[in-house]
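S.K.: Could you fit the two chains together into a complex? Lean on the hints.
Next come the chains, spelled out residue by residue.
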Amino acid sequence: MALASCWSIAAAAQTPATSEPLALAAQAGASDWIRPGDIARFALTRALVPGEGRLAVMIGDTDWSGLAETSGAAVQITPSAVGFAQGEQPVVVYLVDAAQEWREVGRTTLRVLTDSGFEKAVVSPTLEVGLNGQAAIGRTPEQPPADRDTFQDLSVRLGLATEHVRSGWTTTSDVRVVGVNHRQQALRFGTLGEEAPFLDLGSYQVGLRNQHVTLAAGQNMFGTHRLLLNGFQSRGLFGSARLGPFLDLSVAALNGTTLVGYGNVLGIGESDHRILTATLGLELLPARPGALRVAASVLDGAVLPQTNVNQGAVRDPEESRGLGLRVTASDAASRFSLDAGLARSRFFNPADPTTPVGVNVIPTLETTRQARYLDASYALVQGARLGETALATVTAGVRHSRVDPLYRSVSLPIRADVEQNAVDLTAALGAFTSRGSYERSRDNLAELASVLTTESRQWLWSSALPLQAFAGASSTAALPTLSYELTRVHQYGDGLPAGGLFDSLSQVPDQMNLNQTASMTWQGAVWRGGYTWNRSLQDNRQPGRELADLLTQVHTVALGAMPSPVLDAGVELALEKATIQEAPRDDRTRRVSVNLLLRPASRTSLQAVLTRNWIDDEPRTTERRTTDFNVTFTQGVAFLPQSPNRLQGQFFVRYVRQTIRGLLIGLSGPDETQFWTLNTGLTFRLF
Amino acid sequence: MPHLLRPLVRRGLVIAAVAWWAAAPAAAQIRVHPTGVNVNSQGATTVFLTFGGLNGYRPVEALWCGRLVPAAPDIGLRCDPSTILGSLPVRYDQSTLSTASLTDIMSIPPSVVRRAYQRAESGGDAGFFYVRRFTRAGGGPDQYVAVTCRMAGGGARVPFSLLDVEMRFDVDQPVLFVRTGDRPPAVRARISYNGSGRLRGRWEVVMPGEELPSSRDLLTEATLPPDERGTQRRYTELGRFNVFLPPGSRPYVLDGPDPRRLPTSAEGFYYLLLRIEATDDKEGDSNLASAGAGTGVVNAGAVAGFPLPPLRYIVGGERTATVAAAPSDLRVLAPADGAVAPGGAVDLAWIELPQADVYRVEFQDAEHRTVHAAVVQRGLAAYRLPPFVKDRAAGGLLRWRVVAVDVAGREIRASAWRTLRLE
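The listed protein sequences derive, respectively, from chains A and B.
Be aware that the first sequence starts at 1, since it is given in the working numbering, and climbs by one per residue.
Be aware that the second sequence starts at 1001, since it is given in the working numbering, and climbs by one per residue.
Be aware that one or more of the hints could be misleading.
Below 25 angstroms or equal to it, Euclidean Cα-Cα: the simulated SDA-like pairs (lysine to any residue) are [what the hints assert, rightly or not]:
1. A:Lys577 - B:Val1243
2. A:Lys577 - A:Val566
3. A:Lys577 - B:Pro1354
4. A:Lys577 - B:Arg1392
5. A:Lys577 - B:Thr1035
6. A:Lys577 - A:His555
7. A:Lys577 - B:Val1297
8. A:Lys577 - B:Gln1232
9. A:Lys577 - A:Pro619
10. A:Lys577 - B:Leu1254
Hint data in this document are derived by calculation from the structure and do not stem from the laboratory.
Only chain B is shown next, with the shape it has when bound in the complex (with noise of 0.2 angstroms):
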């Protein structure tokens, strides 16, 4: 056979295969919504997917593979053992059966579509099938029900789901250690998902005492079967979010809670959550009537194979490491950054931290070297510069901040750096 014509022919067995599988549903009750989807071939990607019609069936494995083939004496097509691209790992499996339905999470690792890919590079064909195998424990053929997977980028017209997932506070610090009554750092969660939509959901805290949230507790709301939607346990709520994610190639960074809404005043062991919510995505829709489990159609969007992670942090009396990692929670008034002071008299102002004992006011030149600071008792939050200084700042380019310091002579909070030229 020429080789040009191999990939066509071989194309047309797989068509006429899914064809004549689809053309008897009499003899495979089980049926799937969406039956196939684009997939992003270069990562991961993850998909919501409802089986209906299981007649008392369970599921059993969940391969990935190249070519499907008649599971005769079973119902259905599936993978060709030659062609095997892997199974879906028990770590990702959050599959939830109920009686006549299975809500599965297809999470297809980077592995898979890698094989995938480089199957499509020596000449064979892109795409691939998820094939799902069912049993009864009465006996009887089992089931194969398949999903077709086409290789595409991991934009639009892709589901939209959430593919890796980390939230940390500014500081290099695996858990936070926070001194009562400070202010945390700022939180981030960086984001890579593929398709695109609203990413919507809350902050929650977890505080001292509290009942710890299960690891289901911890999945994404589109990533449970409908009827359990709703039903985790809710926390704190210190801030929603509803933003846009676009498609595109670069993860997204989610701003988290206003660090003053973190709480600090009871010490112990808070945990941060982050709680996001189904959203339309109409790549991610599942339909119940399609796939014989209902009526209605369940929306996926920002399903994940995976929990969410909790972002800890621990207040007690220690020694806080927030302070060069929050530079801004302390609020200057004036002057201006950029500011520009004709005949080099300034005058400083800020707003006062009820914690502060004293302040340190910083003056650096363009070559980050102190040329002069001061130490401020509190009530004033203020300070005038004295002239001398516009001699020592060559060009009399000057950065200035506030820091402010507590009893114990712990620097507390930063204000960010501010530029001035004295004149």
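One chain only, chain A, in its complex shape (with noise of 0.2 angstroms):
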């Protein structure tokens, strides 16, 4: 590399003299500065002598070790694409001996240049053209041929993702957008059907950040507070700045739902349909950031009756506007933990623009409500040895939580009217931890007369032993992790309501739930495998209900090898069964699923799926058998070898068989039916 550093090997060819001390060689050029995919080369006084041990590179904090190869008294590094840290860069050379000493053998700097005046600077371009469709397919029965039966549809897919690195400062983006030529595949047909565009934005985020501030734009999330706005994800615009050691403030304009397209490309254009919100944290103990946090978070937001991108929900419209408090705090040594929280919404729900003309719907009145919650938790034991290598640690933990009726937020998916109490245990026996709690809820607070009142008792344990923690490093293959999990819910009403068209008590629940999951999973360097069992019983017990119970088991086995990078192999087996006691009945499901990749060369790929089902009951009413089958050829080409990212394109075929055999034992011969499809795919990427 004409451009690699110039350390000097005039001593390589010499013979070296074991007397002669190891060294790094003067060299010549080595202020030089080098790219970051540049090879680096430095030279040594001497040839290694065998037996005297082996070298190891240290540059900057990383060992380049494994990357470097000598030949003579010349070393040299190729980065791969992996590259050097740019700037100066202190480089340490060792020796290494066969009792695993280290020695200097001496020290130089390596200079690596930033681009294009930045620190950093990355630009990924990505521009794709894609056909993919359907050239053949069959039915049996005989169908009527349809319009799509045969098709051929066109995508493209462009994409711009940029970090650049200045002073201090970072400024990122991604944007992403996707064209297609057939309707109900652009990316905003689910919402506006015939009128969605073809070409469309997917997704973007820009940024631009420092130490201290930060801004974005884009799709992003926000919230911690789980009574007001939580980890909510959207587009919209978002800023954060830390003021000073004690204050830090975020704030967002968010769209009230997760959406695609560049309609509302800010996300903060329907008013209708947005949410605002700030928060002001105070770091009380800033010299120990997290000791003592207090922060107040406001809330101004209003939503339609829409869902996000991959989501189907039941919702109206909705106005709230809410303000929140939360504290957390930690002890220095991480033993107590609290998390308290409480908030005050008043919300709305705005008329449905869909209701009919000519009904006159009662209005929703404005209410106000409270909620809040604490959860903390201390650790008995912390860190105690169990043995030579094992810590143990045990906490104990409380849990509380109230929230009003008709409490809500805009878009927080949280349950009012309920009071939750619980206690948690926690142990960490070394690779062994296992978890208990116990946990209380009842719910109508006000106390209706013609509201029904549930009461909840739910207990669960969970434990998790990773056999191979226990039998070191030399046998992690062989030995499984098991788990084990139960899980028990008794969930009962108080008394037959006052009116509320109640007037018997099998419309009061006593229900028992008792669920249990039992797991072996094996992980080796070859292997892998693993075995689920889970029962559960829902058991009724109110008047009426007795025998309305159901039982139901499943075992999985799931085997697969991957001997090679080109192979991988799998097969899974199912069995479930339940059992419906009123009836009585039990209905089974089998599984067997074969799956397969080949991968004879880097570019050229074969998977192949089978499933089978078999469904039937017992007594025999009905027998259904489903049998799935795929296989994929995929051949990569890339027409510009030298340049990986450049000028690639990527052939497919896929045939699909499918067939369905239903029987309605003794009331009909078996009904099949069979189906498939050849589909072909060719894609070209200019970068």
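M.R.: Now the structure itself:
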């Protein structure tokens, strides 16, 4: 590499004398700058002799010995695509002997250029064009031809990702655009139907930050108050700043739901579907961030009855204004932790614009309600020694929450009108972990006579034991991880409500639920496997429902192997049995699935999946069998092999076959349908 | 009338009116089952209903109201216009009309129960009604058929139904872009529901070149009338699930299929589908004979008033956003998490990935500052920690992970962080 550094290798050809101390040779051009991907070259005063040891090269904090090559007294490191860190880096060369002693041989400096005046500059454009479709189709029994029995759909994908760093400021951007020629594949077909544009914005994020300030636009996440707005993901404008050692401020204006498309590009264009929120945080002990923090949040939002891109839900138009306070604390040893919050929200349902004309709906009254929670835990035992290596930690915790009836904050999925109290105990004994909890809850907090009051009691216990942790590193593949979980939930009504259209105790629940799951999983270098057993019992006890019980058992076995990077294969078996005691009837589902992935070359793959399900019942009334098979062959082509990210293509062909066989025993003969397709695809990537 | 007696008298009138209506089946030929259900007093509720004996009648609007009044000269009991709590929004109307019956999916929006609850707070009765009106093209009186709704918690004794289903990858992108041959991050579905029961079904995937599912194909099986079940188009099955959802107030998070099973070899558009099968749920059963719509009982466990959303991901040559979110994809063999290394001598080992060119091993101290790193060529899958690293970590406590890097310098996989104590 012409621009590589040019440490002298003049001594490389000379026969070394073992008595001569090993050192870095004086170098001409040592102060030259190289690019991050260039080869770094060093020279020793002599070559290594057999039995002397191996060389190790540290550049900055990174050990590059794995990529260092020696030839005589010459040493060179090809940094692969990882690249050297930019700027001036100290280089320390060691000699590592057979006893693993590291002895310093010498020091120098590696100088690595930045690009374009930036400390870091990355620009990654993408442009791809694809043509995918269905070349043939077959159905048994025959059906009249349909419009899209065969078709070819065009698609375009554009992307641009950048990152630039300079003088402590970092700017990032990531924009994805998708184009199609078949309307149903358009990004906004689900919301706009035939009006959805063919070329549309998939997502974007742009940001600017330094160590004090962050500004961002596009898709992002906001909110840390679990009663007001928590981890809410949407498109919008975001900002946060550290105002000295004590204060920090975060603000956001967000669309009411996650969206795609270039309409409402900033995410704040619809006032009736927008959330404005801010949080002011106060670190009371700035020397130890997180020791004691108080955060106040405000929210003013309105949403239409819309859902996120990947969501389905029953929703209404909503408006709310809320104020929340959150306190978090922990001691220096992280033995004690506290998280508590309080929120007050004023909520209102605007009229639904889809209500039919002439229907006069009673207006919803605006309500102001409160909610609170407290989670606290204390490590009764922390880091106690168990033998030579294992440590023990035992933590106890309490949880409390109360949410008033009709409490709601826009876009927050929280159940109102319930008070919950719980205790937890968690133990970690080396690699063995176990957790138990008991929770009581009650609803109908306003004690309205005509509303059913429900009490709940929940017990939970779970444990996990990775046996390999007790067997040492040499036998990791042979021993499984064992886990078990038990959940018992008893929910019952507190008597028959007075009114409310209740007229029978059979309408008042008394249900005991027991759910157990046990599993064993193996993970080895070549083999992997697992077995899972699950059993649940839903036991109804109220008058008139005593026999309406449901017992279900599920067994699942999975085995897989990757004997080489070329081959990955797996098989899954499942047996499900549901016993309906009132019928009485057993429903059974058995499943076998086999999958195979072959990669004979880096751009060639063959993937096949075969799945068969048997579904029947006892006594035998119905039988159903489904078989799915598909096999896909893909072949990629690099038109410029020396430039792996440009001018590439891919071709695939896939065969899919499905068979469904149904039988009503004693009533009709088997009814069988078959369906197969041949799909093809062609993709070109320009860069 | 004394204030305390007013609700009792009102309730008596309602019961008398319902009794009168129930005693006159000859006049009201259209029947429904179930005739009454417990509903969530603080949120949405969805119930599978069968109306039978239509005899040429067609459904018109559906209203919720607090009180019924005789519909004369029409048949049945209709809503008192002064107590309307809401109408079934078109967006949630998944009803299916056949010759003699109507399969109706009653999705009660939260605003309806909110109004009913506020009515109860101000001294009224919490119970309310769902009323379907039917008309006949040939003329004749309209028929009104009512279902009683009793306010309860959203748990046991409420029909098992799905109210909010959101699927997402472990990244904050509405549409995921995955590099060819790469493994996507894990998928999860967050499901809010009423009642309790088994959630059973399949994960399927629509692959490039395949015809997309219709919105009917995306409904849960329990949302369909019995004669349409099993007729939805199937796609390549990636896995099955059968889990128990206990009665409670928290959403259930359903893990998606093993990310290894998500196909990424062929470039193009993929749609991951959550296919929910109907399960037994006594509270959601609809008896066809009671409704005059045939024989047998229709199971409606896991009914939903909306199509389940497909989760889209696009496979191409683009930079993947999956590494940070799929930390456990690269498998580490040794040392075990939490291991203690006497003398500070540690050999690390992991399982190679076919796409990786080199591996970067990262070591951080308790404050998550990088104290050491190493670049390891492929083919070794192992690294021996230098002895001086112990001096760089306060207390000898480290966390470490392995990151796989491909020929283009992209981080394609990373292991989960493990802790290590050097002594």
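S.K.: With reference to the structure, classify each hint as holding or not holding.
M.R.: Here's how the hints hold up against the structure:
1. A:Lys577 - B:Val1243: 12 angstroms, holds
2. A:Lys577 - A:Val566: Roughly 37 angstroms between the alpha carbons, so the hint for Lys577 (chain A) and Val566 (chain A) is violated.
3. A:Lys577 - B:Pro1354: Violated, at about 40 angstroms.
4. A:Lys577 - B:Arg1392: Distance of about 57 angstroms is beyond 25 angstroms: violated.
5. A:Lys577 - B:Thr1035: 31 angstroms, violated
6. A:Lys577 - A:His555: It holds: about 9 angstroms lies between the C-alpha atoms, which stays within 25 angstroms.
7. A:Lys577 - B:Val1297: Cα-Cα ~20 angstroms, so holds.
8. A:Lys577 - B:Gln1232: 23 angstroms, holds
9. A:Lys577 - A:Pro619: Measuring from Cα to Cα gives roughly 13 angstroms; hence the hint holds.
10. A:Lys577 - B:Leu1254: 20 angstroms, holds
Going through the hint list in order, the structure does not satisfy hints 2, 3, 4, 5.
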